[in-house]
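A.B. asks: Residue numbers (my numbering), protein chains in the order written: chain A, 30 to 143; chain B, 1399 to 1509.
It is worth saying that the hints were derived from the structure and are not from the lab.
Please note that a few of the clues may not be correct.
Claimed, not checked - Facing chain B, from chain A, some residues (calculated, C-beta under 8 Å):
no., residue
1, Tyr77
2, Asn81
3, Phe134
To be verified - In the DSS-like style, the derived pairs of lysine-lysine whose C-alpha atoms are separated by at most 25 Å in a straight line are:
no., chain 1, residue 1, chain 2, residue 2
4, B, Lys1469, A, Lys86
5, A, Lys86, A, Lys44
6, B, Lys1496, A, Lys86
7, B, Lys1496, B, Lys1415
8, B, Lys1469, B, Lys1457
9, A, Lys86, A, Lys40
As the list claims (entries may be wrong) - Far from chain A, by Cβ distances over 12 Å, these chain B residues were calculated:
no., residue
10, Leu1445
11, Lys1461
12, Gln1479
13, Gln1506
All C-beta atoms, glycine included, are put in the ideal place defined by N, C-alpha and C.
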Amino acid sequence: GAGVSQSPSNKVTEKGKDVELRCDPISGHTALYWYRQSLGQGLEFLIYFQGNSAPDKSGLPSDRFSAERTGGSVSTLTIQRTQQEDSAVYLCASKVGRGADTQYFGPGTRLTVL
Amino acid sequence: SQKIEQNSEALNIQEGKTATLTCNYTNYSPAYLQWYRQDPGRGPVFLLLIRENEKEKRKERLKVTFDTTLKQSLFHITASQPADSATYLCALARNTDKLIFGTGTRLQVFP
């Protein structure tokens, strides 16, 4: 497919467990973003990767959150010791380069922490 | 701190009318502004981009205005259709690749 894909689409976990969310960006897109969207809320920026540059982690809410991008393509967002307030939809987006390019979003992963 | 405001209440209009959604911002001077559409259970989809030196941009039934003095963007859908029902998000950026999103306004178009 030509779009951004994310897996799993839904994840239910118990409080205290670790989770990994995956994002496959559009091939050739150098920029990749992770956002969090809580019920009825806007998109909250988490982290941004651009090519081989150091990622912008300024939006990560705590040190329980981390992300990596291997080979400039697939990205994994890891949440350690999940809390109930981590429940949200996690969206990934990619774009071609820098500046005002369009961001293409994946369908998101709905995370529920019991 | 930077703040983007979109009407949190849903906008309900009749089919065929023009829908107008508002995006206001404070403590920010964006270089460009984007509008996205989001349907339930899906990621946002890009609609239009307007730069700080542009006052108006059109695409088919969509029109966006950008008033940097009022710190406001208006998003218009003319001849609205039930298929236009969705949540519409505005997003701003300055000299950075990071977009700041508003909370969105839900539009409901009734037949």
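A.B. asks: Each hint should be assessed against the structure and marked as holding or not.
C.D. replies: Do the hints match the structure? See the list:
1. Tyr77: holds, 6 Å
2. Asn81: violated, 15 Å
3. Phe134: holds, 3 Å
4. B:Lys1469 to A:Lys86: violated, 28 Å
5. A:Lys86 to A:Lys44: Given pair A:Lys86, A:Lys44 holds - Cα atoms ~24 Å apart, limit 25 Å.
6. B:Lys1496 to A:Lys86: holds, 11 Å
7. B:Lys1496 to B:Lys1415: violated, 34 Å
8. B:Lys1469 to B:Lys1457: Holds: B:Lys1469 and B:Lys1457 sit about 22 Å apart, inside 25 Å.
9. A:Lys86 to A:Lys40: Given that 25 Å is the threshold and the Cα spacing comes to 23 Å, the pair holds.
10. Leu1445: Label violated. Min Cβ-Cβ 10 Å, cutoff 12 Å.
11. Lys1461: holds, 18 Å
12. Gln1479: Given that every Cβ of chain A is farther than 12 Å from that of B:Gln1479, nearest at about 23 Å, it holds.
13. Gln1506: Since the minimum Cβ distance to chain A is about 15 Å, B:Gln1506 lies beyond 12 Å and the statement holds.
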